[in-house]
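Could you put together the complete structure from these sequences and hints?
Here the protein sequences line up with chains A, B, C and D, keeping their order. Our numbering numbers the first residue of the first sequence as 966 and each following residue consecutively. Our numbering numbers the first residue of the second sequence as 966 and each following residue consecutively. Our numbering numbers the first residue of the third sequence as 966 and each following residue consecutively. Our numbering numbers the first residue of the fourth sequence as 966 and each following residue consecutively.
Please note: incorrect hints may appear among the correct ones.
Copies of the same chain look alike in the list, so a pair counts if it works inside one copy or between any two.
Here are the simulated lysine to any residue pairs, SDA-like style, with alpha carbons at most 25 Å apart [as the list claims (entries may be wrong)]:
1) LYS1091 with GLY982
2) LYS988 with LYS1021
3) LYS1088 with ASP1014
4) LYS1021 with ASP1047
5) LYS1088 with ASP975
6) LYS1088 with ARG1052
7) LYS1021 with ARG1052
8) LYS979 with ALA1017
9) LYS986 with GLU1077
10) LYS1088 with ALA1017
11) LYS1088 with GLU1077
12) LYS979 with ALA1048
13) LYS1088 with GLN1071
14) LYS1091 with ASN1049
15) LYS1021 with ARG1080
16) LYS1091 with LEU981
For the record, the hints were derived by calculation from the structure and aren't laboratory data.
Number of protein chains: 4
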Amino acid sequence: MTHHVTAMLDSYPKDLGGVDKQKLAACIQSCFECAQTCTACADACLGEDMVADLVKCIRTNLDCADICATTGSILSRRTGYDANITRSVLDACRATCKACADECGQHAGMHEHCRVCAEACRKCEKACQDLLSALG
Amino acid sequence: MTHHVTAMLDSYPKDLGGVDKQKLAACIQSCFECAQTCTACADACLGEDMVADLVKCIRTNLDCADICATTGSILSRRTGYDANITRSVLDACRATCKACADECGQHAGMHEHCRVCAEACRKCEKACQDLLSALG
Amino acid sequence: MTHHVTAMLDSYPKDLGGVDKQKLAACIQSCFECAQTCTACADACLGEDMVADLVKCIRTNLDCADICATTGSILSRRTGYDANITRSVLDACRATCKACADECGQHAGMHEHCRVCAEACRKCEKACQDLLSALG
Amino acid sequence: MTHHVTAMLDSYPKDLGGVDKQKLAACIQSCFECAQTCTACADACLGEDMVADLVKCIRTNLDCADICATTGSILSRRTGYDANITRSVLDACRATCKACADECGQHAGMHEHCRVCAEACRKCEKACQDLLSALG
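Right, dumping it as structure tokens:
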């Protein structure tokens, strides 16, 4: 599932600096998946007849898509690594994924797209947390 | 591989309007994969001792990452579909993926990350072309 | 207004290759302004009681924000210039700005944010067209 | 300078919830300016003959451009406001702008683009800090 992410980490020309490569790959993959899923969930909410009840969900989806794409990109870069940037962005991504999982989770019984999206957010929140813990 | 993309298309609340769902899912997935791969390839090039020989490659990677992320997001939206926007963005994405595949292809023998990246760009170029053809 | 954009073009270390610097700076600036304005307009539409009547407007705003941000970034890069990429992305940006200006224009009488946004989209559409013409 | 940002905040249909509108507008504007400037600085560094000495600068510029664009977009949204998301993203943006200002500042004597970019990063770092303080 994380084939291309792993292939790129494996071909990085310098040392990866002792990072847990499996947790890094899982986090990058989760961020890109969550960005796509949140973008699609915002749009699916927009397609619902009851869109007026879903405006907070749409907004949180848009925020989550943005920070996940940014976090996935920053984690994909290994040259000139900066632990402070990595930690603060992972922390923002984790907080936003948690907020989005909570919000989508409230509509998961009624809207399948919110159920799938809450799952993707929860997975990404955990992947950010796992990587943060591994960074020490 | 395209599990979450397909799950979101399947849970879209309205009709998808006769689009070829498999080609659409493949194109969305290829766009996000290519965005990640190009971001990582730009960084791997930056990590090479011979970075001075790779500046055009880095620049094209950055452009390709940007347009792929945008195209993947636009394709993920189905509400208020506009064929003109879809076609022109797919066309720009296809052209940029071709340019990036050609550029990375020139370094594929020397740098494994460029080989993997050229492959991702070629796959995304083809997915854009296939979707454009299916749109009629 | 385009002070920082111009300052960066002026400090570019190599020749800018005969591009019309004023039109380039105006287009970069318009793209970033339009990205911000469309992001804010999507959100303002989401804040309207009649959000259900504005779903196509929100969707087009999101597409327009994405392609404008990408185009503004690609135009900001001058190293390893590729005319094909530039033209195809400018063309997609122009088409999307036109679609968004038309859509927002329909709500401009009722919603001030749509009036301001239609203006930003029209300005960006023209800046893309002007730069495309200057590129020959 | 922040004309279009302010025009959009002024036309937001609901109450802005007691936020300091001037500090909010200044921060949104600084984020988008910094995103453009960092994108251009990464490219100008790539255009330098001594690019090999600037790889950490390029990488930090790319990170800073990403988080600034994301923060500017999230701040532009007012519907369904979430203080936790706002604070954590502002914090990541501030940390990254500081890191980028420090890195570009080291090359400011030699490269005018790094001088201009360090200034934009410092301005954005301060705007994020000011808004964080105002949020309480």
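We went through each hint and held it up to the structure:
| no. | hint | in the structure |
| --- | --- | --- |
| 1 | LYS1091 with GLY982 | within (22 Å within a copy, 32 Å between copies) |
| 2 | LYS988 with LYS1021 | between (31 Å within a copy, 24 Å between copies) |
| 3 | LYS1088 with ASP1014 | neither (29 Å within a copy, 34 Å between copies) |
| 4 | LYS1021 with ASP1047 | between (34 Å within a copy, 9 Å between copies) |
| 5 | LYS1088 with ASP975 | both (24 Å within a copy, 20 Å between copies) |
| 6 | LYS1088 with ARG1052 | both (18 Å within a copy, 22 Å between copies) |
| 7 | LYS1021 with ARG1052 | between (27 Å within a copy, 18 Å between copies) |
| 8 | LYS979 with ALA1017 | between (51 Å within a copy, 14 Å between copies) |
| 9 | LYS986 with GLU1077 | between (33 Å within a copy, 18 Å between copies) |
| 10 | LYS1088 with ALA1017 | neither (28 Å within a copy, 31 Å between copies) |
| 11 | LYS1088 with GLU1077 | within (17 Å within a copy, 30 Å between copies) |
| 12 | LYS979 with ALA1048 | within (17 Å within a copy, 33 Å between copies) |
| 13 | LYS1088 with GLN1071 | within (17 Å within a copy, 38 Å between copies) |
| 14 | LYS1091 with ASN1049 | both (20 Å within a copy, 18 Å between copies) |
| 15 | LYS1021 with ARG1080 | both (16 Å within a copy, 24 Å between copies) |
| 16 | LYS1091 with LEU981 | within (22 Å within a copy, 32 Å between copies) |
Checked against the numbered hints above, the structure breaks hints 3 and 10 and satisfies the rest.
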